[in-house]
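Chains G and E are the protein sequences, given in the same order. All letters in the first sequence, in the order written, are residues 1 to 336 by the numbering used here. All letters in the second sequence, in the order written, are residues 337 to 484 by the numbering used here.
Some hints could be false.
As the list claims (entries may be wrong) - Here are the computed lysine to any residue pairs in the SDA-like style, where the Cα-Cα straight-line distance is at most 25 Å:
#, chain 1, residue 1, chain 2, residue 2
1, E, K419, G, V198
2, G, K163, E, T397
3, G, K203, E, Q398
4, G, K163, G, K175
5, E, K419, E, H476
6, E, K419, G, K175
Hints are computed from structural coordinates only; laboratory data are not their basis.
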Amino acid sequence: MLLSTPRTRHMLSRHAGLAAVAASLAATALLWAAPAGAAPKAAHAMSPHSPAAAQRAASGGNLAYGGGSVVTNPTIYIVYWGNQWGSGSTVTNDPSGEVPLQLSFFQRTYGSGDTWSNSQTQYCEGVAVGTTQCGGAGTAVGHPASNPVAGTWLDSSTKAPSKPGSSQIAAEAVKAASHFGVSGDNVEIIVDAPHGVVPQGFKTSYCAWHDHTTASNGADLPYTNMPYVPDAGSGCGANFVPTGSSGVNGATEGVTIVGGHEYAETLTDPAPSSGWVDSSGSETGDKCAWISSGQGASSIVALNGAPFAVQSLWSNNFNGGAGGCVTHYTSSGNQG
Amino acid sequence: MRRMVTERRQRGWLRIPCVLGGLAALTASVSGCGHQAVAQSPAPCSTLPPAQLPHSAGTLTQADSGTYCLPVGGQLDVFLTAKSAQMSARWSPVASSAPQLLAPTNGGALTPPVGVTPAVFVGTAPGTVRLSSRTADGRHWQATVRIK
Numbered sequence: 001m002l003l004s005t006p007r008t009r010h011m012l013s014r015h016a017g018l019a020a021v022a023a024s025l026a027a028t029a030l031l032w033a034a035p036a037g038a039a040p041k042a043a044h045a046m047s048p049h050s051p052a053a054a055q056r057a058a059s060g061g062n063l064a065y066g067g068g069s070v071v072t073n074p075t076i077y078i079v080y081w082g083n084q085w086g087s088g089s090t091v092t093n094d095p096s097g098e099v100p101l102q103l104s105f106f107q108r109t110y111g112s113g114d115t116w117s118n119s120q121t122q123y124c125e126g127v128a129v130g131t132t133q134c135g136g137a138g139t140a141v142g143h144p145a146s147n148p149v150a151g152t153w154l155d156s157s158t159k160a161p162s163k164p165g166s167s168q169i170a171a172e173a174v175k176a177a178s179h180f181g182v183s184g185d186n187v188e189i190i191v192d193a194p195h196g197v198v199p200q201g202f203k204t205s206y207c208a209w210h211d212h213t214t215a216s217n218g219a220d221l222p223y224t225n226m227p228y229v230p231d232a233g234s235g236c237g238a239n240f241v242p243t244g245s246s247g248v249n250g251a252t253e254g255v256t257i258v259g260g261h262e263y264a265e266t267l268t269d270p271a272p273s274s275g276w277v278d279s280s281g282s283e284t285g286d287k288c289a290w291i292s293s294g295q296g297a298s299s300i301v302a303l304n305g306a307p308f309a310v311q312s313l314w315s316n317n318f319n320g321g322a323g324g325c326v327t328h329y330t331s332s333g334n335q336g
Numbered sequence: 337m338r339r340m341v342t343e344r345r346q347r348g349w350l351r352i353p354c355v356l357g358g359l360a361a362l363t364a365s366v367s368g369c370g371h372q373a374v375a376q377s378p379a380p381c382s383t384l385p386p387a388q389l390p391h392s393a394g395t396l397t398q399a400d401s402g403t404y405c406l407p408v409g410g411q412l413d414v415f416l417t418a419k420s421a422q423m424s425a426r427w428s429p430v431a432s433s434a435p436q437l438l439a440p441t442n443g444g445a446l447t448p449p450v451g452v453t454p455a456v457f458v459g460t461a462p463g464t465v466r467l468s469s470r471t472a473d474g475r476h477w478q479a480t481v482r483i484k
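If we strip away everything but chain G, and leave its shape as in the complex, we get (with noise of 0.2 Å):
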C-alpha cells in the first residue's frame, strides 16, 4: 500500500537519491582520505532544546528546495472538530481559551505588522532543485497582505472519536475543505481536537503535526493536526516563555508556539516533503524548537499590536548566508 501511493514513490526517489549522493560523498571522503567523522550523517535533526539541538541545525545545514509546491497565497481554515466543542455553531467547551488564542494569532500574521513569519518569505519554488538562496528568483513564499483566515467551522454533526488516528483527521480535513469549497496548496486546514480527544500518539510523541492529503475534487490539501495543546501541559510549551508583563497567558503558550512551527512549515513545506528541508530532513519549524535561550530563543513577539508566544524560525540568509534561527525578520540585510 505504502509503495501505491503518490509520496511514498516521491519518498522513495528522494531517499534513492540521497543515498547515491551520501555512497558518493563516503567515496569523495575516502579519496581524500577524510576522517571517520566525514562519513554521511545519519542522525536526524529534528530535537527538542537542547545544546545537541543547536549541533544538529548547523550539521543539518540550510535548507535546501526539494523541487515540491510553495505557498504564495497563505488562507488559513479552521475546522473544530466534533460535538465535543458545542453544539450548533457556536463553541462553548473550550477550558483553557484555546479557539480565540488560536484565532487572533492566526488572524494577525500579515502585513508589516508581522515581523516574525516574514522570515519566510525568502523561500520560493519554481528555482532549481537543491537551491538554497532564492534571491529573488521563482515565486516567493506569501505574506498576507490582510487577515489570511478565511473561514472557521464547528463540525458539531459528529462527535470526534475519543483517539483519532491519523487517517481519520485527514478525513476530517477534507470533509472541511468540502465545507469551505477549497483546495489547493495554498489552502491550510487546520483541524482542532476538542478537549480531553488525544490523537494517536499526542503528547507522547508529538504536539501537532502537519501532512496533505487529497481533496474531493483530487487536487492537493494541506492541513494540520492541532489537536488541544494546553491538555499537554508543559511538554507541549506552557510557560516555556517567561511572560514578563506581556499579558501573554503562560499556560497557554504552546498554542501559538506549536500553531505557529506548523503553520510556518507549511508554508514552506506544504506537501513534506518535497518543499524546503535539510540534508537530515528536517523543516523550518524543527531546527529551531525549543530553543529557550541565546540565539533564536523562543520569545514573546508583537504581531500587528498583540503579544503572542513563539519560537523562532530558520532563516537561510542569516549569518551572511550560513542560516540561523530568527525571531523577527524585515530584510536579509535586517533579522535576528
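Once you've looked at the hints, dock chain E against the given chain G.
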C-alpha cells in the same frame, strides 16, 4: 498489540572497515565509513508497534529493543522520551548504522514534545540495520530493523 521479542545477541554482524584502496574502498563507499550494514545470520523480526504518524509503518520508543520488520519503502518513526527534565537525560539523535539502507527522512512534519527526541526513517533497500541513541547520563538504546 505490541510484540516484544526476546533479546537476542546480535551475531554475525560484519563490520566493514573504513579503508582506502581497491575493492575495500568501493565497499566502504557504498556502505559508509564505519557503518554496519550486513548481518550474516539474520534473526527473525517482529511486527512493528502501531504507527502514530501518517504514512508510517510503525513506531518505536525506548521501550522497544528487539528486531523489527520493515518493508522496503516503509516509514519507521522513533520517539525517545527523556526520563527526567534534566538535560543529561535527553536522548541523542537516533543514528542508523546503515543510512544507505534505512535513511533519515522528513520527521519535520511534527512538533515534538519537550524532551522527546524524534526520528523518522525510510527503508530504501533490503538489509539489517541497527538504530541507536544515548543519553549523557549513560543510558543506551538500540533496536534492529530488518528491511525486506
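These are the hints, each one checked on the structure:
Restraint check for K419 (chain E) and V198 (chain G): satisfied, since their Cα atoms lie roughly 22 Å apart, inside the 25 Å limit. With a C-alpha separation of about 19 Å, the suggested pair K163 (chain G) and T397 (chain E) falls inside the 25 Å cut-off, and the hint holds. Of the pairs offered as hints, the one joining K203 (chain G) and Q398 (chain E) holds, with about 16 Å between alpha carbons and a cut-off of 25 Å not exceeded. A distance of roughly 19 Å separates the Cα atoms of K163 (chain G) and K175 (chain G); the hinted pair therefore holds under the 25 Å criterion.
Distance hint between K419 (chain E) and H476 (chain E) is fulfilled; the C-alpha atoms sit about 12 Å from each other, no more than 25 Å. As the CA atoms of K419 (chain E) and K175 (chain G) are separated by approximately 40 Å, the hinted pair breaks the 25 Å bound.
Consistency with the previously given hints fails for number 6 only.
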